[in-house]
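Generate the whole structure from the sequences, applying the supplied hints.
Each residue of the sequence shown is one higher than the one before, starting from 1 at the first, in UniProt numbering.
What the hints contain is simulated information worked out from the structure, not anything from laboratory work.
Values in this document were obtained by computation on a predicted structure and should not be read as measured data.
Misleading hints may appear alongside valid ones.
[Said to hold, decoys possible] The following label-pair restraints were derived from C-beta to C-beta distances:
no., residue 1, residue 2, range
1, Ala7, Leu346, 48 to 54 Å
2, Ala118, Ser309, 37 to 43 Å
3, Val141, Ala438, 28 to 34 Å
4, Ile9, Leu346, 48 to 54 Å
5, Arg266, Gln97, 33 to 39 Å
6, Lys207, Glu93, 33 to 39 Å
[Unchecked claim] Result set (DSBU-like, lysine-lysine): computed pairs, CA atoms no more than 35 Å apart in a straight line:
no., residue 1, residue 2
7, Lys92, Lys21
8, Lys389, Lys491
9, Lys389, Lys207
10, Lys389, Lys478
11, Lys478, Lys21
12, Lys478, Lys491
13, Lys207, Lys21
14, Lys207, Lys92
15, Lys21, Lys123
We put the beta carbon where it would ideally sit given N, CA and C, even for glycine.
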Amino acid sequence: MDLSRLAEIERCALALASAAKSLADYYSRQAPDTNADAHAHAHPRSASKSPSMDTSSGFLFVAPTAPETVHRARRVVLGNATKLQSLVRQPKEFLQQLANQTQLLACLHWLGEFQVLACIPLKGSVPVQDVAALTGVPESVLLRIVRMASTAGFLCEPPEHPRHVAHTSLSADFVTEPLLADAASFLAGTLAPAALNMAATTRRHGKPGGPEQSAFSLISQTQNSPVPLAFSVACEQQPRLQRQWAAYRRSSAETHESGVAEALSRLDWSGWSSACIVEALGPLHRNNRYTYEPCPSTMARHLAARYGSQVEITIQFLRGPPSDSSASHAQTVPSPPSPPLPGAILQNRSAGQPQNVRHAALYVLHWQDWAYLLPPPPSAGSNVGAALKSELTAELQAHLSIMRENRTATLVVAMRLLPDDVDNSVDRDTSVEAVARACDLALLQLANSAMLHVGDVVDLIQSVEGGGGRLVVVSRAKAGATNEVVALGVKFQPV
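As structure tokens, this is what we get:
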């Protein structure tokens with residue numbers, strides 16, 4: 001009997017119970033409003049005043065405007081629940097869970113392909129027979145899929161109405177937020193097949209090569225074209241894939257960006273000479289191809305919601321290297337619709353050019369997830385990592401003089417990074433690490449790319465010098481109750 005394992009089980013259970021009590025206390029303090037709950041059932045993400053409990057699925061949805069402590073408690077519940085399962089699960093149960101997740105993904109894909117979710121009213125239930133007739137699918141198959149999906153709280157068969165189907169808050173979101181449906185389609189139709197072809201790709205090519213030798217390219221060669229396609233080229237040629245990929249990256253990046261915003265919101269503003277934030281988003285394209293339509297990040301939205309008119313937010317979209325004369329002709333990959341950010345100043349700036357806003361208290365260099373998949377310029381060969389490091393170095397150089405002149409200013413490098421070492425501590429949040437590891441493997445499968453490690457970026461930052469000093473990393477911002485490094489704080493240090 002491993003006593004340390006038993007102690008870890010107890011610790012996780014206590015942490016989960018404490019966080020669950022915090023959620024219960026917060027929910028019980030909210031005035032019950034059956035009308036609000038009904039509205040939240042149909043439009044769960046529009047409910048902003050209070051959390052809502054969906055009685056059909058038993059899920060508690062915490063309002064986006066709830067205190068950060070409440071959101072942190074929810075993440076603690078999820079993280080410790082996952083860890084408890086890994087501590088007590090037997091091998092056969094592990095395989096069964098994989099089987100369940102596989103079937104759930106297949107159900108989502110099937111429901112999306114036949115537009116079933118849109119045929120179910122957001123309020124009330126409808127006979128499965130009617131939905132089957134409307135969508136042209138076999139009633140028996142639809143009923144089996146509904147019953148499988150309902151085991152995860154996605155759709156339900158109301159006990160009082162057998163052989164009827166109704167939305168839960170979870171499934172309703174996939175109707176009211178098309179981004180989620182597109183993300184699920186990308187996961188099932190593109191990423192999962194590429195992941196399952198990883199072994200065949202290794203057998204054929206051995207060591208990862210260029211983007212056209214990825215697992216995705218192997219699939220594209222067999223399904224769409226006799227010539228293997230790089231993921232970026234396929235996105236240029238297939239508008240549906242463009243849209244689904246944009247939705248998937250937005251949905252997967254939101255949690256990370258929220259963590260960055262949370263970490264930045266904990267900064268002490270009292271001693272700052274200015275209440276101005278500059279967020280530089282990049283790169284939007286490389287090699288005149290595969291350009292992303294700019295939109296304010298989740299991080300900027302969180303900061304604007306928290307501070308309102310107290311801060312001035314400038315968002316800069318990095319357009320490409322100064323020598324890139326034909327950037328305006330680049331292929332545009334649209335992002336999902338994004339509401340405007342009231343009060344924010346939007347600017348375009350050439351990547352690597354000196355920063356034109358020189359009075360800010362906080363500069364954020366925000367490399368979002370798409371940067372790992374953009375095709376590298378010819379100078380970098382097939383090495384996306386080399387392109388990333390070159391671009392980041394150029395931006396650090398562009399801010400060096402500002403950091404030297406204004407020692408109170410803080411520069412933050414925010415991007416999804418892999419931890420340097422495997423963390424075997426009892427405080428390790430495997431659910432957070434799993435997200436990063438899954439993202440890293442997705443980059444390998446789609447484009448033979450890879451995430452940078454924290455240490456790689458720290459070394460790169462501290463190699464930038466000039467004007468009698470150099471940049472140094474003074475802090476590592478971590479998100480909430482997790483140990484994920486979401487941003488690096490940088491200052492100028494005289495030599």
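Now the hints, each set against the structure:
At roughly 52 Å, the beta-carbon separation of Ala7 and Leu346 lies within the given 48 to 54 Å, and the hint holds. Between Ala118 and Ser309 the CB atoms are about 39 Å apart, so this pair conforms to the stated range of 37 to 43 Å. A hinted range of 28 to 34 Å for the beta carbons of Val141 and Ala438 is consistent with their spacing of about 30 Å. A beta carbon spacing of about 50 Å between Ile9 and Leu346 agrees with the range 48 to 54 Å that was offered as a hint.
Between Arg266 and Gln97 the Cβ separation comes to about 36 Å, which falls inside the hinted range of 33 to 39 Å. In this structure the supplied range 33 to 39 Å holds for Lys207 paired with Glu93, their Cβ-Cβ distance being about 36 Å. A threshold of 35 Å between alpha carbons decides the hint, and for Lys92 with Lys21 the separation of about 32 Å falls inside it, so the pair holds. The hinted pair formed by Lys389 and Lys491 meets the criterion: a straight-line CA distance of about 19 Å does not exceed 35 Å.
Between Lys389 and Lys207, the direct Cα distance comes to roughly 21 Å. Compliance with the 35 Å bound is thereby established for this hinted pair. Among the hinted pairs, Lys389 with Lys478 is consistent with the structure: their alpha-carbon atoms are about 22 Å apart, no more than 35 Å. This hinted pair checks out: Lys478 and Lys21 have alpha carbons roughly 24 Å apart, not beyond 35 Å. For a cut-off of 35 Å, the pair hint linking Lys478 to Lys491 stands: about 18 Å separates their Cα positions.
Between Lys207 and Lys21 the CA atoms are separated by roughly 49 Å; this puts the pair beyond 35 Å, and the hint is violated. For the proposed pair Lys207 and Lys92, the alpha carbon gap of about 33 Å is at most 35 Å, so the pair holds. With a C-alpha separation of about 30 Å, the suggested pair Lys21 and Lys123 falls inside the 35 Å cut-off, and the hint holds.
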